[in-house]
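Trainee: Sequence:
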Amino acid sequence: MRFACRKVRFTTTNDNVDALRFYQRRGFRLAELRPRAVDQAREQRPEIPRVGDYGIPLGCVFLIGMNIC
Numbered sequence: 045m046r047f048a049c050r051k052v053r054f055t056t057t058n059d060n061v062d063a064l065r066f067y068q069r070r071g072f073r074l075a076e077l078r079p080r081a082v083d084q085a086r087e088q089r090p091e092i093p094r095v096g097d098y099g100i101p102l103g104c105v106f107l108i109g110m111n112i113c
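First residue of the sequence shown: 45, per the working numbering; consecutive thereafter.
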């Protein structure tokens with residue numbers, strides 16, 4: 045029997061250090077960095093805050109992922 049591998053991926057903002065720590069401890073790794081993604085989203089949704097958790101300026105989005113086989 046053959047099993048297919050799957051990719052599990054999600055995004056989070058650069059201020060979400062609690063989520064980054066949680067998922068890295070479980071084997072997830074940074075798959076992609078999208079600099080200025082939050083800045084670009086803010087152009088469409090100005091209500092997105094400029095400062096996030098722990099006083100960290102929002103700007104980047106991290107794509108986190110892991111292959112599951």
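These aren't lab readings, by the way, just hints derived from the structure by calculation.
One should not assume that every hint holds.
[As the list claims (entries may be wrong)] Cβ pair distances, simulated, as ranges:
(1) 47 - 98: 16 to 22 angstroms
(2) 48 - 92: 14 to 20 angstroms
(3) 99 - 46: 27 to 33 angstroms
(4) 54 - 86: 26 to 32 angstroms
(5) 113 - 85: 31 to 37 angstroms
(6) 90 - 66: 43 to 49 angstroms
(7) 62 - 94: 15 to 21 angstroms
(8) 79 - 47: 22 to 28 angstroms
(9) 49 - 101: 22 to 28 angstroms
(10) 94 - 49: 36 to 42 angstroms
(11) 48 - 83: 34 to 40 angstroms
(12) 89 - 47: 37 to 43 angstroms
(13) 90 - 68: 27 to 33 angstroms
Quick reminder that beta carbons are idealized off the backbone N, C-alpha and C, glycines included.
Trainee: Decide, hint by hint, whether the structure agrees.
Mentor: Checked hints:
| no. | hint | in the structure |
| --- | --- | --- |
| 1 | 47 - 98: 16 to 22 angstroms | 40 angstroms, violated |
| 2 | 48 - 92: 14 to 20 angstroms | 37 angstroms, violated |
| 3 | 99 - 46: 27 to 33 angstroms | 49 angstroms, violated |
| 4 | 54 - 86: 26 to 32 angstroms | 20 angstroms, violated |
| 5 | 113 - 85: 31 to 37 angstroms | 33 angstroms, holds |
| 6 | 90 - 66: 43 to 49 angstroms | 30 angstroms, violated |
| 7 | 62 - 94: 15 to 21 angstroms | 20 angstroms, holds |
| 8 | 79 - 47: 22 to 28 angstroms | 36 angstroms, violated |
| 9 | 49 - 101: 22 to 28 angstroms | 37 angstroms, violated |
| 10 | 94 - 49: 36 to 42 angstroms | 39 angstroms, holds |
| 11 | 48 - 83: 34 to 40 angstroms | 37 angstroms, holds |
| 12 | 89 - 47: 37 to 43 angstroms | 40 angstroms, holds |
| 13 | 90 - 68: 27 to 33 angstroms | 32 angstroms, holds |
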